[in-house]
Structures are given as C-alpha cells and as structure tokens.
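Participant: Letter by letter, the chains look like this.
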Amino acid sequence: MADSNASDGPVALERPRLDNPLAEPAPPPPAEMSRTVQAYEQTLSEGHRLRARPREAGGIEQVIRQHAKGRMTVWERIGVLTSEPPTVLFQNWGPNLDGASLVTAVIRIGGRDVAVYGHDFTVRAGSMDATNGRKLARHFRMAGERGMPLIGMNDSAGAFVPAGVGGLDGYADAFTALRKISGVVPSIMCMFGFNAGGGSYLPRQGSFVIQPENTFFGLTGPQVVQSVLGEQVTPDELGGPGVHGASGVADLTVPDEVSALRTARRLLSYLPNHNSESAPFRSTRDPIDRATPEIDTLLRTTFGQPAGFNTPFDIHIMIQQMVDHGDIFELQPGRAPNTVTCFGRIGGHVVGFVANNSAYDSGQIDVGAALKNARFIRFCNLYNIPLIFMEDTTGFRPGTEQERLGIVHAGRAMLDAIIDVRTPRILLLVRNAYGGAYASFNNYSTGADLVLALPTTRVAVMGPAGKEFVFKKELRALRASVPERVRSRTRARIEAGADPEAAHAESESEAQAWLAQQEAQFAERYERELMNPREALSLGSISQIVMPEELRAVLGHHLELMMRHYVPGPFQGVQREFH
Amino acid sequence: MALSESAWQRGFSCEDLAILIVCRGPVRKEAIDVFREMGIRRLGILLSEKDSIVYPHALAPELREMTPDQIHRVPDYTGATKTERASRMDEIVHIAKTHGYNAIFAGYGFMAEDAEFVATIEGAGLVFVGPCARTQRAAGQKDEAKRTALGIDVSVTPGVDDLARRTLKAKWPGREALLEGARQAGLDPSEWPKDFDAAVDRAIGASHEAGVDLFTLDELSLQCAREVVSLLEAHPSRRIRIKAVGSGGGKGQRIVPAPAQDDGAGREAAGERARELLLEVLSEVKATGPGDNKNVLLELNVETTRHHEIQLLGNGSWCVSLGGRDCSVQMHEQKLLEISITQEGLKDEIARARDAGRESQARALSADLETLQRMEAEAERFGEAVGLDSASTFECIVDGTQHYFMEMNTRIQVEHRVSELCYALRFVNPQDPTDHFDVESLVEAMALVAWHKDRIPKPTRVPRFKAAVEARLNATDASLAPHPGGEIIRWSDPLPYEVRDDQGISIKNPDTGQFMRYRLAGAYDSNIALLVTAADSRRDVLEQLAEIVRVTKLRGLDLETNLEFHYGLSNWMLSQAPWAKISTAFARPYLTLVGELSQAAREIDLDYLEKKIFERITKQMDGVADSDGAELFEALRKASNAKRTLLRRPLHALLHKPHVLFGWLCRHRDCFGFEEGELAWKKNPVDVLADVYEHLNWDMRPELPAAHCIWDHDHELLSTAQSFYRGLERRLETTDWTRLSARLADPQPPAGLDPALWKRCLEAHWGHQLALEALNVLPGLAREVGVFELRVGDDLEVHIPERLRDPVHHERMRRVLSPPPATQADTIAAVSGGMFYAREAPDRPPLIQKGEHFEKGQPLYVIEVMKMFNKVPAPFSGTVDQVLIDGADGTVVTKGQPLFRVTPDERVVQEDPKEVAARRQAFTERVMGWA
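Quick note, the sequences are listed as chains A and B, same order. Residue numbering for the first sequence follows our numbering, starting at 43 and increasing by one per position. Residue numbering for the second sequence follows our numbering, starting at 285 and increasing by one per position.
It is worth saying that the hints were derived from the structure and are not from the lab. We put the beta carbon where it would ideally sit given N, CA and C, even for glycine. Careful, some of the hints might be misleading.
As the list claims (entries may be wrong) - The list that follows gives simulated cross-link-like pairs (lysine-lysine, DSS-like), each with its CA atoms no further than 27 angstroms apart: (1) B:Lys366 with B:Lys381; (2) B:Lys1198 with A:Lys111; (3) B:Lys941 with B:Lys966; (4) B:Lys837 with A:Lys111; (5) A:Lys514 with B:Lys1151; (6) B:Lys896 with B:Lys966; (7) B:Lys941 with A:Lys111; (8) B:Lys1198 with B:Lys895; (9) A:Lys111 with B:Lys895; (10) B:Lys895 with B:Lys941; (11) B:Lys1140 with B:Lys941; (12) B:Lys1043 with B:Lys966; (13) B:Lys631 with B:Lys742; (14) B:Lys896 with A:Lys111; (15) B:Lys967 with B:Lys922; (16) B:Lys837 with B:Lys941; (17) B:Lys1179 with B:Lys1134; (18) B:Lys619 with B:Lys941; (19) B:Lys535 with B:Lys570; (20) B:Lys1179 with B:Lys1151; (21) A:Lys515 with B:Lys1151; (22) B:Lys366 with B:Lys570; (23) A:Lys111 with B:Lys922; (24) B:Lys478 with B:Lys453.
Said to hold, decoys possible - Derived coverage of chain A by chain B (criterion: at least 3 residues anywhere in the stretch with Cβ under 8 angstroms from a Cβ of chain B; other residues may be distant): (25) 121-131; (26) 293-300.
Claimed, not checked - Okay, the calculated beta carbon distance ranges per label pair: (27) B:Thr365 with A:Val275: 53 to 59 angstroms; (28) A:Pro127 with B:Pro1103: 44 to 50 angstroms; (29) B:Ala964 with A:Gly153: 56 to 62 angstroms; (30) A:Asn134 with B:Arg1015: 42 to 48 angstroms; (31) A:Glu443 with B:Pro1103: 34 to 40 angstroms; (32) A:His607 with B:Asp1173: 50 to 56 angstroms; (33) A:Lys514 with B:Pro1103: 54 to 60 angstroms; (34) B:Asp1173 with A:Gly615: 50 to 56 angstroms; (35) A:Arg327 with B:Glu617: 38 to 44 angstroms; (36) A:Ala562 with B:Ala494: 45 to 51 angstroms; (37) A:Pro127 with B:Ala964: 43 to 49 angstroms; (38) A:Arg327 with B:Lys922: 56 to 62 angstroms.
Sequences and hints are given; from them, build the entire structure.
Facilitator: And the structure:
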C-alpha cells in the first residue's frame, strides 16, 4: 500500500505505476543505432503503425470493458475459429484508418476458405456507418463470387448516430449484398453482445443464427419498448436465447461465445462451400450394412406400452441409429419439438432429416413445425443436400389458435417447399400418416424418389375416427337398433317378473354396453383393415416394406444409388410466388 | 504370453479363451481392452436394451470400435421375474454357445454374484470368469459366511447369527419335541441326525425345501426381542443392527435405536421395537412366504466406522491378498473415493512421521498397520475356506483398533484398479525360479485362473506403487444428489498419469476424431467414470488427483458432476493429513461446511466491494507529495480500472463454486493468518492472485480460446508484477513477504540503490498492490464460516464441530448447495388440449392421487391428442391437494385448464431488493474486516 509517511522520507511518491522498474531496458533496434533516421525509414515505421492500427484502435480500457462483460474481442473470436492467422481484408478502411470498427477476413477452417466478418466492439461499439457498410457489402460479394461460406460475428450497438443517414445507407448496402449471396453460399451468424434493429435483420438474412446466453438481439432494445408501449421487460425476456430459440429466429442457442464459435465450425462440416457442390463427403468406418436391431427394440418396447400403437416415442433415437456412428446435428431443437430437423451422414453423405416426433404433441404439424420444416427443406434443396422424411403424425393441428396463427399458410409453405425439392429425397413411413399430412409430406406425387414403409405404417385417409365414414351404414344401423333392443329386453325382464322401471334401466345400460362393445369392434376392424400399408402398397404409393433392423442398410443403399446420379448445381427455374 | 520363449509361460496362454462380456459400465470397456491386449481373439459383448435405445445420444460408446459380429443382444440381463430370469440365463448360455464362446465374464453386474447364474453357466460347460458357484453360495449367505468366519478365527461383530435356529430350539427344547413338531408340519424326520443341534439344522433345511414353516413370524419376533434384551445386557446402550440373510444393496437392514434408559424397561422397549423392525426387514427382502429363509442376524451396530476392504485373488487352492482400500468417503451408501492402504505405504509413512517427530501420528499409523496385517491374514484364510477361485473383496469395518468382517463381495469391484496399481502378481516356474511372469491387471488374472485353474502356481505379490486412489466421477449436483440427463459435449484428454475408466465415453468419432456428445441417461446409477492414479506416497497420489481434477475440462449442457467436490476434498485431505482417519459419517458434515461457505460466498456483493475499495484507495491521496489531486485521482482510477477483470473475474468464479473455493482455502491456509483480528498475508498478494488463476486452471495457453484463460492484458499485468517482485527479492535478498513488505514501507533507499530507482520501485509496489485488498474476501470468508474448524488431530482423528452434526442443518445446507426449483404456481394446468386420463391404462392405478407427493419430471397424467397418449411430466415437485377434474377418464380439457391444485415443495420467496442489498453490503463489510 502507499505509505502515508512517504512525504517525510527522502523519496516522495507521485503516482502508482504498473511497470517493472527493475526490468532491463530493451536494446534499441539496430537500424536506429547505426544510422540517422531517413525519410524511407520513417515511411516504413509509419507503415508498421498503420498495419497495427486496427488491432490497437480500441485501446486497453475498451478491451477491459469488453472482457468485463465476459466477451472476447473480435480478434480473440477469430482465434477460436482458426489457429491459422487470418488474411485480413480492407485493413484500414474508415476515416480513422482503424478498419471502421469492423474486421473482414478470410480464414482457413479444416482446409476450407471461409469469409468472416466481426464487429470490433472496442471501436465505437462496433457501430455501422456508410464506410463499413460498404466494406461489408464488398466482403459479401467477394464470398459469393469465390464461393466461400460466410461466418458472421455480430456485436454492434447499431448505426453510428453521428454518421446520420450514412449509417443507414451502410446497413442497406450490407442487406442488399447479403441477400444477393443468399442461396449461393451458406452463412452462419453468431450473435454476440447487444444487437438491435439493422444489427438483427442483417444476421437473420444469413442461413443460420447461433445465440449464446447473456446476449440480446431484436427489433428494438427494452428502453424503446418501455417508452413506446410502457412494457417493462428485461433484454433477456425481450430478445434472449430463450425467446429466439423458441421462435426459430435463432436456429441454435448455446451457453457461451466459445460454444457458439465451436458450434459454427461443427455446423460448417455439414455444409457445402457453395451451391454448385455437394456437402463434404466423409468416408466412414461405420459399415453401411450395419443392422439396426435397436430400432426394432425401440418399436417393440414402445408398442408394448399400455397405450399400444398409440404410444409416443422419441424419433431422435431412430435417426441416431441410422446415421454414421450415431452422430447427428440438430437445428432449431428449441422450436416446435414435434418435428425434428437435423443433419447426419449415411455412408459419408450428408443427409437432411425431417421427422415428425410423436414424443411431443403426438407429432402433429402446427404452424411452428410447418415453418421449421419448410425452411430446412428449402435450405437442403438449394445446397444439394439429399433429404430423408420420416412420417409419424396424426396430422396438422386443428383449432382456432392454429387458424389464427395462419396454419393454412404455414402448411402451404411446407407443402410448396417439398414440391420444389430437386435433390434426392426419400420418404420413410414410420407409423401414422393420415389425410392431409400424408398428402403433403413427400409422397411419390409430390416428387419423392422413393417411399419406404415400416410394417408399423398406418396410412389412411383418416385416423381412428375414420370408422364413422367407412362403416357409416353399419354404425347407423347398429345405433338405430338400440331402442328396439332395450324394448325387447325390458319386455323379457318384465315377463320374468321384474319391476318395470328397474327392468328398463337394466336393459338400457345393458344395451349401451353392448353398443360400446360393437363400436369398439368396428374401431378395431378399421384399424386392422385400413390403418396399414396394404392399400398404399397396392397403389404403388409405397415402393417397399422395410424392416426395422435393415433401415440403415436399405436407406444407405438407395442414397448411394441416388447420389451417384445426382449432379450438384444451383437450384434454377421460375421463381414461384411464395417461399 | 503365447510368444514367450519359456515353454512354461507359453503354457499359460489364454488365446483359446473366447469370452462373452455380460455387463456394462466402466468394467466392460476395461475388460475389452485387457482381453484384447492378452491376445484373446474371440471377444464379444452382450448388450441390454437399456444400453442403447432408451435415450438419444447414449449409445454404448464401445460400439464405435467393435464389429457387428461381436455384439449380441438381450432385452436385459436379469429379467423382471423369477421365470424370466431363468429363461434369460438360458438365453445367455444359448448365445454364448451358438456364437463360439467358451467363457463368460460378468464383471460386477447383477449376475456376477448370482450363484444360480454361475451354476447355470458351469452346468452348460462354459467357463465362468469369476468366483465359482460354490464360493458364491458359501460367501453369499450372510449367516453361513459368518459361521465360517467364526470357525477360522475371523473377527466378526458380536451378535446372533442364527435367530431361526434359536427360535426353533426355544419352541421345541428337545429332539423328540422337534421331531413331533416336524411331523405335524408334514415333514419326515425319520432320517434326521441323533444330535439335537444337527437335527435342528436339518429341520430348517427341510422346511425350506418343502416350503413349510416350522415357526410363526410371531414366534420368530418374540425370540428376536429376547435376544435383543440379552445383547443389551451384555453391551449396554448400544444400537443393534437387524440384517436379513438375503439383504444387500441397502435393503433388508434396520437399526434398533439405543434404549432411552439403561434398565430393564428400556431394554424391553428396545426389544419390542426390534420385533417391528424384524417384520419390516423380512418383508423388504420378500422372505415372508412359507418356507422362505427367515433367518436374521442381530449385530452390534458399529458407530464410528471406517470402511476398509481387502482385495483377494485365488484359484480354489491358494488365495493371495493384494492389500486394502479405504472406502470410507461415502454418501447415500455410495462410495466416492477409494484409496489404497498397503503395508509398504504405512511403514513408509510411519518412518516419515517418526523422522518428523510426530509421535502420536506414528502411533495412529502403527495401529492401522496392525489392523491391516490382521485383516489381510484373515481375508486369505477366509478366501481359502470358501474355495475362492477368482477375484473377490473381503469387506470390513474398522472401529478404532478393532475391525470386523462384514461380508465378501464375490466379484470384481470397480475400485479394483487401486489394488492392481499397488501390487502385481508374480508367477514363478516351480522348476526354475528365474522363469517367471508378472500380471498387472486383475481382470487378466481372473481370466488366467479361470482358464488354467489348479495348474497355476501360487503367485507372490510384487509392490508396484506405494499408493493409488480412485475418485468416482458422478453425475451429481453440488450437494451430491443425482442429476441425470445432462449431456457431455467435450472432455479434455487424460493426463499421462491419469487412468480414466469412462465406459468409452471419450472414444472419439472414428471418422472425425471429434468428441461425441454423450447423454448421461442415469439408467442405472449416476456414475460417469472412475479417475484413477498412482504414485509413491499417499500425499503424492492425492496431489496427482487434485491436479487431474484441476485441469480436467468437462463441458456440457445441463451437466452437473462431482468433479469440484473431489477437488475440494483432495485439497482438504492434503492440507490436513493425507492419512486422516475419515469415517463413513464424514461426508455429510463435510458437505454441510461447504454449504455454509457457499451461503456466505453468495452474500458477498462484488460491485459494492469494488466501489468501496476504490473509495479507500482515493482516501490515501492525502499523504502523497503531488498536490495536483485531479491528476493523481486520474492515475488511481486508471490503475484500478486496469485491474478490474484481473481481480473481479477469478473472485466471481470462486464465490460461485463453493467446492473450488473450499479447496483453494485449504490449499492456501498457510498463506494468511489473523493477528489480533487483522488479516495478514504471509505471501505476496500478487503471487496469491497468480495462484488463484492457476487454481482455476486459467493459466495462459495460446492454443485455448481466449475466454478459457486469463485475459492477455491481465496476464501481462500479473507477470510484470511478479517479475518486479522477483527482481526486488534478488536485490533485497529475501523472499519472505513479511520482511519484504516491511522494507517497502520504508522510503529510505537501501544501501547501493539509486534513490530515483527506489522511488520508482515504491511507486510500482504501490501500483501492483493497488486494489488487491479485494483478495482479503477469501480468508475473510474462511474466518466468518470457520472453515478450518473441520480438522484432523495429531492422532489422525477427524474433529467434526458439533454444529456440522445437526441433521436439520445438514438439510438446510443441502438446499443451499443445490437449491430445488421454486415456483409461484399452485396449480398444474393442461399442457395442451385433448382428453385427460388419470391413468396409463384402464386396469392401472392413477398416476397421482390427492395427498400424494410428486417429484419434478414424474408423469402426472396422460393427455390423448388425436389418439396418441402423451404422458405429461411434473414441471416442479410438490404435493397434490386436490384433483380438479371430476369427470371420468377421457374428459375433454382445454389448454391451460387447471388439472390439480398443488402445494409446491419450494415457493419463490419474494424479498425486498433494497433489504437484500443492504444486508449483503453489511455482510461484505464484515467479511472484509471494515465493519
């Protein structure tokens, strides 16, 4: 501690210092020792200074501020993505020659060139102005032209207010350039810090958004919400990962920045560089004909429950058994868990899975599920990724809530996305496939290359309620016969000496029991005769029955076949009205 | 072995063994590795359904490196009922035979100790790699085992091991009466022995075979009461343990409380209580039917015990002890830490204690050495007596200098690694003493004796390491309660001296080399892995364990483990005494202390602390030469700011990780002291801070993400400070902080030092120590809580402060360590619209009824949506006050409709934020010693 008596002694202290006075001073550079400094040397050292500028522009106090929030600097973030030094582009852009609070670079990840950008929050809070907007736009165009995937590390306070309209133009430039490379190269956006307005739209134009805990993004911050609507809300409640993960605005939510960046790398391993090539093939040691008896066990255990064939189960387990070494990468797990969208590899080929998950809400397709599926299907379609659809749903979810949310439009979006698919695609019928859900879920007519069915498949126009239509006449006759039955039984009872009133009541309940039993028989008959794959097989709507143990082998074999004949390329053709 | 130059050694090759492994967990992976290394060509595993299909991301990781023809499947290993079990055994035998296996290894699974299972395998002509059926039977029945033990002078707890026999003898006091009674019960006693005692034994055996009872439960319990009374007469005021012969796994045991007063009435009351408990015990092990073995053991309960066990290996004719293990650190009857006890290790330690003049410690250790020698000798005798022909464990409890044999575990245990690291087995050619080979793996030794049986000569044990330890890594929260369901995303690679038995979880994806996610399904128990390490002394081995735990990075989603518990505990043992005599009652008080620390740490307001320290710093401006206050203020502000993350980040981490904080305090208790209530650092706070970073495993490593190490500027600041002080220490020729800091308080430059440089040094000292006062919060918390009151005496006995023994306090601190989820809700509402069912099927009971308690995640009701039946789990735990659906099953409900009125276990307690802030600020002041 500073000594309070310092003024009394021979040495008086002035101020604290944080260096090491005992350190040996570093020797001066030899150039300066030997000669007087010439103009040329001056320009060289100025060059050194300029080069170092973007890395030092924020100053140590700003870096400490960033670190105090538990956040890394943009340079440190790049260091998590790759251990090789980045190739920085447009180094000194901006009036202050500091890179205009935005770093654009090309880095190497697993032998692939990847374009990255990241806001430097330590410089003017990573805000956007006309300059860095143009810089970003130029970077996006370059990624599109060279066919390099893009990773964005967003950490920006928004438009730089002193830049006025320039900041807005900057955003508009970037929006436009990013839209133009959408569908050409995939992009992964990490949301760091507190991004509002343009800082949210821009990353959401990208293919995938990853959001860590303790971050916010959204249309506006909580202060605006408070002043305009009087709503008191925390940033996390307004635009934290809990909110965006459930709505699908964030495709993935992760605990922290490092996980976000590592997740981005992992996701990249399933994506092609651009739309003219297939996703990275990776030969596997997992035999393609590996039997999958666990799927058999799963179904046996599930259907052995008290609810029998109406017992939900987790479809993840089935997908996991089919893919190489059981490794899957799920997207939007926090949104509409009644459907599962994930990547996996079979025999080394990347496959997109779209699977109804009966473990949640009976696997019904609601607005969230339909939009989640549509978006994923469209992505796979654009980037040459084959699709496997797994159907086990009792249908679209009915009701006022869904209609108000626009289920018709959402379901339509999924249907259209499926019809548009031009990459290899397979439908695997797992269990339930009723009515409209069957009709819109990648059957032969909507363009499937192959439809396979497990023996547990129950394809029908309607679910169990369909008995009312199929056995309409029989059921009507049955119900109509009840009063006569009651009358005759009552008569018989009275003749046998029973009290008339009691006789009637007894006969009534007896007849009702009889009716319930008869109806159950029809229900059972309906399930037996119509809720099975037979009719669909006979019509060619199903190509073949596949047994649970051979799922991986059969799917792998067909996929191999299809991929041999698939030529990757951009998705072209007439633009349809809806996406 | 097959390639050995010695024909004698080649004769012990095991290459022709074809082993089917029928177990799961860490030992399965270990067995695969060991058998592969032995050159066994035919090797397979039997999977049960639970291994792979119950949870996503929970495939048996071993499958990644096995081929499909090595994998066989059964629904489960044991079957749910007796008939299912019999058919499962046949199925396993059938699988083995049709796939060309000649041996079965059951590890420590349920079947490993099942004499019937072993007999089935033996009967089918297969080799069982494990103790034979005869050993299983002889050691498995608790009463017989105890009798055998008594016969060969093995120390057992005082008590009664033949309550059934005594009941019978009391009922029919002579042979004639007995025979008459037997005849009436429908038995034929014509061939029974002449000797009364022998006839009684025969009568009991015959009644089991015939499925009839010779005495009523009432008669048995009456006899029980009499025996309890007479035990209490001989051993006043003791607690008595009642144990059914078929007990195990925490079931079938009860403790009769000590009598309220030591007189006839008190003893009678205890006897009556024992009668009730006896019935509970018997119904718990399902031994109340006619002809079931109703024998029960009554034993004095040993109160402060340590749990020691001896590792044995035999071949049926010889039996060798491989030293002991102390397994006393336990929680919920589950072992947490197993540490070797060997004669070599103890002798070394005794010598060290004598050299250091710690006589009472040497005496305490000598007592342990004698006990160990006795236990090992008894274990070998017992192993031979029961014909042990494989690996087993001889379990004892140790009470002071007494030890008592409890039971023999006739299987390999997870903790066997501890013993095999201490001793290898050396097999010597009887014809040629220079011709020998060593076996360092117990699993390998089991295969060897199973295959070669009597041919193999008795080995000698060869010391390898003097100490070894195993820490069980479990999926538990900070209070050590199970926390299943988490997912491991990354796990750092093991250290060179770390043996990690992790069931194969760390086997990377063979295609990518990436760690594969693993869901901790918790289908069996919470164990994830065993962390094992060995060294030359117990202190070294604990240091290694602490280091392994320190640098292990285990990341995941919703993942909680006891890794930090092990860090705290190993550092506590190191700081107190590595050979502390920890009892089985230690873990709870220990956790309670950590809970107290956690509670106090959470009350620290770091924002306030930072603010106050800056205020205190600026107050010092007064005495400084520079009159320009504004400039100095700015310099102080800058210097404080420069240290913001340097100080704040590690303190925040420590305050939120109570086990790590506890470990740090133990490790650094010599770095500070309190003199007249004032804290004094005995080590430079700059170096203390560097230690904190190291302790948190945040050392600067450029290959790691920046967020996982010390920030670069903090690293620079800290290393500059450290090199400044190292330079100063050289100049002033002292490394003692007390002297150094005293010298630095003197403005007079030391002789030979330029005054200007001295001034800069003092200014640097000022700067580098600035704001480090914040570190005082750590020792301050230790003092506030009384962390060091849990200590080990010179005699190695653990002193537990009285407050840490209170069960109510235990429970309170458990909730501090792991706060249960709280809610404001008092109803459970329908998650979706559909038809409501209270039960899974019409013939089943409701999932929950009025008045019943439910745990979070427990299914409460079924909702049918479009003919699919969804079980809905409870969002929190609580008790049902009322079921709000009056209709029958199938009632239509709407989304959000209340279904149950409930009282949640934990309610959100609303506190006034201002009050909380004031309380925390006052507490922070007190801990800092400012108040």
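Participant: Run every hint past the structure and note whether it holds.
Facilitator: Going down the list of hints, with the structure as the test:
1. B:Lys366 with B:Lys381: 23 angstroms, holds
2. B:Lys1198 with A:Lys111: Given pair Lys1198 of chain B, Lys111 of chain A holds - Cα atoms ~24 angstroms apart, limit 27 angstroms.
3. B:Lys941 with B:Lys966: 25 angstroms, holds
4. B:Lys837 with A:Lys111: 22 angstroms, holds
5. A:Lys514 with B:Lys1151: Answer holds: Lys514 of chain A to Lys1151 of chain B is near 20 angstroms, not above 27 angstroms.
6. B:Lys896 with B:Lys966: Roughly 24 angstroms separates the two Cα atoms, so the pair holds.
7. B:Lys941 with A:Lys111: 19 angstroms, holds
8. B:Lys1198 with B:Lys895: Measuring from Cα to Cα gives roughly 18 angstroms; hence the hint holds.
9. A:Lys111 with B:Lys895: 17 angstroms, holds
10. B:Lys895 with B:Lys941: Roughly 23 angstroms between the alpha carbons, so the hint for Lys895 of chain B and Lys941 of chain B holds.
11. B:Lys1140 with B:Lys941: 25 angstroms, holds
12. B:Lys1043 with B:Lys966: Since the Cα atoms of Lys1043 of chain B and Lys966 of chain B sit roughly 24 angstroms apart, the hinted pair holds (cutoff 27 angstroms).
13. B:Lys631 with B:Lys742: With Cα atoms ~25 angstroms apart, Lys631 of chain B and Lys742 of chain B stay inside 27 angstroms; holds.
14. B:Lys896 with A:Lys111: Holds. Lys896 of chain B to Lys111 of chain A sits at ~21 angstroms (cutoff 27 angstroms).
15. B:Lys967 with B:Lys922: 26 angstroms, holds
16. B:Lys837 with B:Lys941: 15 angstroms, holds
17. B:Lys1179 with B:Lys1134: 22 angstroms, holds
18. B:Lys619 with B:Lys941: With a Cα-Cα distance of about 23 angstroms, the restraint between Lys619 of chain B and Lys941 of chain B holds, given a limit of 27 angstroms.
19. B:Lys535 with B:Lys570: Holds, at about 11 angstroms.
20. B:Lys1179 with B:Lys1151: Status holds; Cα separation ~17 angstroms.
21. A:Lys515 with B:Lys1151: 23 angstroms, holds
22. B:Lys366 with B:Lys570: 13 angstroms, holds
23. A:Lys111 with B:Lys922: With Cα atoms ~18 angstroms apart, Lys111 of chain A and Lys922 of chain B stay inside 27 angstroms; holds.
24. B:Lys478 with B:Lys453: 15 angstroms, holds
25. 121-131: holds (count 3)
26. 293-300: It holds: at least three residues are needed, and the segment 293-300 of chain A offers 4 whose Cβ sits within less than 8 angstroms of chain B.
27. B:Thr365 with A:Val275: 53 to 59 angstroms: 57 angstroms, holds
28. A:Pro127 with B:Pro1103: 44 to 50 angstroms: 46 angstroms, holds
29. B:Ala964 with A:Gly153: 56 to 62 angstroms: 57 angstroms, holds
30. A:Asn134 with B:Arg1015: 42 to 48 angstroms: Holds: the Cβ-Cβ distance is about 45 angstroms, inside 42 to 48 angstroms.
31. A:Glu443 with B:Pro1103: 34 to 40 angstroms: 35 angstroms, holds
32. A:His607 with B:Asp1173: 50 to 56 angstroms: 54 angstroms, holds
33. A:Lys514 with B:Pro1103: 54 to 60 angstroms: 59 angstroms, holds
34. B:Asp1173 with A:Gly615: 50 to 56 angstroms: Once the Cβ atoms are compared, 53 angstroms apart, the range 50 to 56 angstroms for Gly615 of chain A and Asp1173 of chain B holds.
35. A:Arg327 with B:Glu617: 38 to 44 angstroms: The hinted range 38 to 44 angstroms holds for Arg327 of chain A and Glu617 of chain B, with Cβ atoms some 42 angstroms apart.
36. A:Ala562 with B:Ala494: 45 to 51 angstroms: 48 angstroms, holds
37. A:Pro127 with B:Ala964: 43 to 49 angstroms: Distance hint for Pro127 of chain A, Ala964 of chain B holds at roughly 48 angstroms.
38. A:Arg327 with B:Lys922: 56 to 62 angstroms: 58 angstroms, holds
The structure meets every hint from the earlier list without exception.
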